[in-house]
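Line by line, the protein sequences are chains A and B.
For the first sequence, the residue numbers in the working numbering are 75 to 394.
For the second sequence, the residue numbers in the working numbering are 194 to 464.
Honestly, the hints are just simulated from the structure, not real lab data.
These numbers come from a predicted model, not from an experiment.
Some hints here could point you the wrong way.
Simulated restraints on C-beta separations [stated by the list, open to error]:
(1) I185(A) x V354(B): 45 to 53 angstroms
(2) L146(A) x L212(B): 49 to 57 angstroms
(3) R306(A) x G430(B): 52 to 60 angstroms
(4) L98(A) x F429(B): 41 to 49 angstroms
(5) R373(B) x R306(A): 31 to 39 angstroms
(6) N283(A) x S228(B): 48 to 56 angstroms
(7) L231(A) x F213(B): 21 to 29 angstroms
(8) D153(A) x I219(B): 51 to 59 angstroms
(9) S300(B) x P138(A): 24 to 32 angstroms
(10) P412(B) x L146(A): 40 to 48 angstroms
Covered stretches of chain A, going by a simulated chain B footprint (3 or more residues, C-beta under 8 angstroms) [stated by the list, open to error]:
(11) 208-217
(12) 227-238
(13) 302-312
(14) 328-337
(15) 368-380
Residues of chain B clear of chain A, computed beta-carbon distances all greater than 12 angstroms [said to hold, decoys possible]:
(16) I219
(17) L223
(18) E229
(19) Q239
(20) M256
(21) T283
(22) K291
(23) W294
(24) I295
(25) A315
(26) I352
(27) D356
(28) L384
(29) L407
(30) L413
(31) A438
Cβ coordinates follow ideal geometry from the N, Cα and C atoms, glycine included.
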Amino acid sequence: MKPVIWLILRRAGFGFLTIIVISLIIFIGVELLPGDVAETVLGQNATQETVEAFRKALKLELPPHVRYRVWLTDFVQGDFGRSLANGREVSGLIGWRFANTLFLALTTAAIAIPLSVMLGMMAAFYRNTLFDKVISITTLSFISFPEFFIAYILITLFSVQFNIFPSMANINESMTLVAKLHAILLPALTLTCVVTAHMMRQTRAAIINVLASAYIEMAELKGIRRLRIIMRHAFPNSLSPVINVVALNLAYLIVGVVIVEVVFVYPGLGQLLVDSVSKRDIPVVQASGLIFAGAYISLNMMADILSMLANPRLRQSQTS
Amino acid sequence: MNLLIKSPLSARIGLCIVLFNIIVAIFAPLIAPYSETEVVGDVWEQMSGNSLLGTDHLGRDLMSRLIFGARNTIALAFITTMLSFLSGTTLGFVAAVKGGWIDNLFSRIIDIIMAFPTLIFALMILSVMGSSVMILIVTIAILDSTRVYRLARAVAMDIEVMDFVEVARLRGEGLWWIMRREILPNAMPSLVAEFGLRFCFVFLFIASLSFLGLGLQPPLADWGGMVRENAGAITFGIFIPLIPAAAIAFLTVGVNLIVDWFLHLASGMHN
Chain A
75 MKPVIWLILR RAGFGFLTII VISLIIFIGV ELLPGDVAET VLGQNATQET
125 VEAFRKALKL ELPPHVRYRV WLTDFVQGDF GRSLANGREV SGLIGWRFAN
175 TLFLALTTAA IAIPLSVMLG MMAAFYRNTL FDKVISITTL SFISFPEFFI
225 AYILITLFSV QFNIFPSMAN INESMTLVAK LHAILLPALT LTCVVTAHMM
275 RQTRAAIINV LASAYIEMAE LKGIRRLRII MRHAFPNSLS PVINVVALNL
325 AYLIVGVVIV EVVFVYPGLG QLLVDSVSKR DIPVVQASGL IFAGAYISLN
375 MMADILSMLA NPRLRQSQTS
Chain B
194 MNLLIKSPLS ARIGLCIVLF NIIVAIFAPL IAPYSETEVV GDVWEQMSGN
244 SLLGTDHLGR DLMSRLIFGA RNTIALAFIT TMLSFLSGTT LGFVAAVKGG
294 WIDNLFSRII DIIMAFPTLI FALMILSVMG SSVMILIVTI AILDSTRVYR
344 LARAVAMDIE VMDFVEVARL RGEGLWWIMR REILPNAMPS LVAEFGLRFC
394 FVFLFIASLS FLGLGLQPPL ADWGGMVREN AGAITFGIFI PLIPAAAIAF
444 LTVGVNLIVD WFLHLASGMH N
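Next up, chain B with everything else stripped away, as it sits in the complex (with noise of 0.2 angstroms):
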């Protein structure tokens, strides 16, 4: 409670814009003035009393597919970072704590992932696999953990020569003790500041991938998604899909704000 007295401005501005898009995506059926796929009116109806953002391509309500996405959206992503941070760290303290053969054969299969833009394996798994949200959410976190691992290693490489992880193998406790016990409490700092920067890019991929028609596929309502269905209508003046696209960036700069702060914290700077 201290520590957020003490933090900064900008820090303060980024836990709202999280705290907000949370309880927005917790409550959507509450919040949310008609359903994610009711017809209201007209297509790109003006704002009005009737839908205070307008419609879109169909004729549903923009706010309640604003406040429905939040929901998908921030649920897909926040599942896959889960998953990769998961797979991720395991695999890299393994790794750390294993050392010989089995670091070296996960590196190099994570170098070689490494190797290839994620977008263009994503593609390419999505044209083969076909798109639903359980290989989408796989395929991220796959590619997502390859950074988490490096990560995770190198972290764990340095907490691993400290006298108490010395004490607990002389103790006789296995791997997974000394994984939990011993080395996760230690990496925990580093850890969470790099889940709020694996879920911007985790959540940024997503809705750019839904954006090229391969994310979540329609009706449901996801940013990405909904920016494509109403990119026709810039032409006409009508800015509906810069609403959708701020919201995507509106929770990144957010995340990225409270991120900032913990770096700067980890780093040791603050005093």
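For reference, chain A alone in the conformation it holds in the complex (with noise of 0.2 angstroms):
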């Protein structure tokens, strides 16, 4: 078998071993509630009657390998279960906010990656100027402050001092594209503060290591133009790199979405877990934490493949 397939098989494999370990240490998670469970969200004053209809909603008169069978097969045709705080469909519940945070995470990201790759690139070229420090003490501090700070310092800026951009991103399905664009453009600009500072950092490095190589060197050395040498030479061989960058940054966007979406009031799924873990829903936390995990897990093992593929000396092995 080609050699490059053959290891994305086997990152493939492992991605989804992973998403089903984690399933199972979701699932165990409740397993572990100290004492019974229905006792512990319902109160110690709840009445036979609703401990039963509880048990039997949470299917727990089965036994735990049965259980996980059941939730993990309920979970993959789409049906989460009800939500304990208001008897809902969950999936009723995540399905809109789902769209929700995915509609912020791409908004950012279709803003974050051109930036944060033009300016790391810049970076990279002009490194050791007066424009690569400006560059880098502003991405440190960004990187040191927490997301809710950057929140609302643009909140103070925009919606208080110059009432441009409303502070509570709502949004609902009514609304038109523009409409939602100038809601979310807040939370988006924090996103986007934030995670281009790690892009950006990263990028910059990337490029640096592969500007450092001997082969760069030669092609300075034969007096080659400058535009010449970073399309032909270092272009291609930092692409492996910076995609990988791109990809564990997008990850790291769909965690940070959480924080972001609490400021702003924005109903996605962020929003939902953390309602629901201050209200103990579990079959919510369940289901909202593994969507979340699956969607963090995906992104990291499509780095890993990407930069595989976009590696010339892997797709080169093919031959061999």
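Assemble the dimeric complex from its two separately framed chains, guided by the hints.
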């Protein structure tokens, strides 16, 4: 078999295995609840009937391994059970919010990826100049700031002082795309600041790494123009690490979204998760946790696979 | 001392910030004008002689809560980081020195934990176990120790192949002795820089959890929680939630400046 395909299959297999193990951990987590789940969640003075109904709803009368199988098959088929807090279908609660979270994440990605790759390249080419230092200090401070600090600074500036953008990103299905984008601009900007800082620093490091190689020096000594060196020699080889950086930061974005959603009261999956954790609404926590984990693991996997594909050395070894 | 004199300006600023925070945290009861929970005025009062930074959403003195918050937040993050380093380096060193199936087993388990987003993992554990200081510390320490493990193992692997470790082995020294007397002193420079980075991460992580209402529980003051409690003020044009958030940012920037200098020193580029 071709080695690169074999490598990819192995990586995909590991990713799949991880998701299975994670689902087991999420499932066992509920089993570990001290005492009886029903009594813990419902409280001391629950009547016999409510406890029975609760046990039935969570299928607690079945043995654990059967319950795990039923839970996982239901989950794969899109049936996440019912919320403990209001008895509604979890899939109904999650579907719309998940789309909102994706919308926010994709908008951020559309701003952040081109911006940070460009800034990273520029910082690498003009390294140790004033431009590089200013960028380095700015990104270092953005990394040190908690997300909500950036969020509140943006709110103070844009919604309190100038009143251009709303401080609450309230969106619903009847809004037009432009209205939606206007509403989520501040949360998207907050996320952009955080993600760009990480992405740009890693891009800079990756490109400097390539620029330090012997073949770049050789090209320079041959007197090839700078632009040509960058396009023909440096860019193809830095593609693999840069793609890796981008995909890894998208995974980070999926999680970073949680806090920003809470700040802007955005109706997304992250806010639902946080609400459900404080209400201890376990079916919702399980479902949204598994979705977040699945997205995170798949993006990490994609990062690895894409950088394998983009690596010229791995591609060429196909012929051997 | 000589090192300190030659240090760059950024590192000195960082050092001042960190020292300032530590002093405030240690002497909190002496410095703070009021106690942590005392109500001194109306809700969200402006800055005045009575309360230097104004009052919070319950009319408590913001300055005093900020000072006590420094104590709670920094202590919590410090204890958690210590715990994470203790377990992470011990496991990492054992894996490096022993090798074989122990190394494989540890590394696979750590791989799986690291494949799971930290914040989501912590939220799931807190939803099942409820939020208390003990659970908070243990959960975050375990999640964070995976990163420490990776570094400790990698560093120890490099040291383990050195002659002096071989000599100690031939002398018949035990695992514990090799780890503590041969590997630890040589791994120290990398571990110290990492400690700063991990502290920042843990500190921001706890602040985020508190901000989500799942960290330290009120009436204890902590910076993340203070931002959450006063978040409503911002729409009235009162900037109170920005103050504790800025305090968090201030300390992490300080620690990062020191870490940067340390990494610079460790990479040998200072000449």
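For each hint, the structure was consulted:
1. I185(A) x V354(B): 45 to 53 angstroms: Because 47 angstroms falls inside the window, the suggested range holds.
2. L146(A) x L212(B): 49 to 57 angstroms: 53 angstroms, holds
3. R306(A) x G430(B): 52 to 60 angstroms: At roughly 55 angstroms between Cβ atoms, G430(B) and R306(A) fall inside 52 to 60 angstroms, so the hint holds.
4. L98(A) x F429(B): 41 to 49 angstroms: 48 angstroms, holds
5. R373(B) x R306(A): 31 to 39 angstroms: 53 angstroms, violated
6. N283(A) x S228(B): 48 to 56 angstroms: 54 angstroms, holds
7. L231(A) x F213(B): 21 to 29 angstroms: 28 angstroms, holds
8. D153(A) x I219(B): 51 to 59 angstroms: 55 angstroms, holds
9. S300(B) x P138(A): 24 to 32 angstroms: 28 angstroms, holds
10. P412(B) x L146(A): 40 to 48 angstroms: 42 angstroms, holds
11. 208-217: holds (count 3)
12. 227-238: Satisfied; 5 residues make the cut.
13. 302-312: violated (count 0)
14. 328-337: holds (count 6)
15. 368-380: Contact hint for the stretch 368-380 of chain A vs chain B: holds, 3 residues under 8 angstroms.
16. I219: 23 angstroms, holds
17. L223: 28 angstroms, holds
18. E229: 22 angstroms, holds
19. Q239: Given a closest Cβ separation of 16 angstroms, the condition holds.
20. M256: 19 angstroms, holds
21. T283: 23 angstroms, holds
22. K291: 24 angstroms, holds
23. W294: The claim stands: W294(B) keeps its Cβ more than 12 angstroms from every Cβ of chain A (closest is about 19 angstroms).
24. I295: 20 angstroms, holds
25. A315: Non-interface label on A315(B) violated, nearest chain A Cβ at 10 angstroms vs cutoff 12 angstroms.
26. I352: At roughly 25 angstroms from the nearest Cβ of chain A, I352(B) sits farther out than 12 angstroms, so the non-interface label holds.
27. D356: At roughly 31 angstroms from the nearest Cβ of chain A, D356(B) sits farther out than 12 angstroms, so the non-interface label holds.
28. L384: 21 angstroms, holds
29. L407: Violated: least Cβ distance 6 angstroms, not greater than 12 angstroms.
30. L413: L413(B) clear of chain A: closest Cβ-Cβ about 17 angstroms, beyond 12 angstroms.
31. A438: 4 angstroms, violated
In terms of the numbered hints stated before, the structure departs from hints 5, 13, 25, 29 and 31, listed from lowest to highest.
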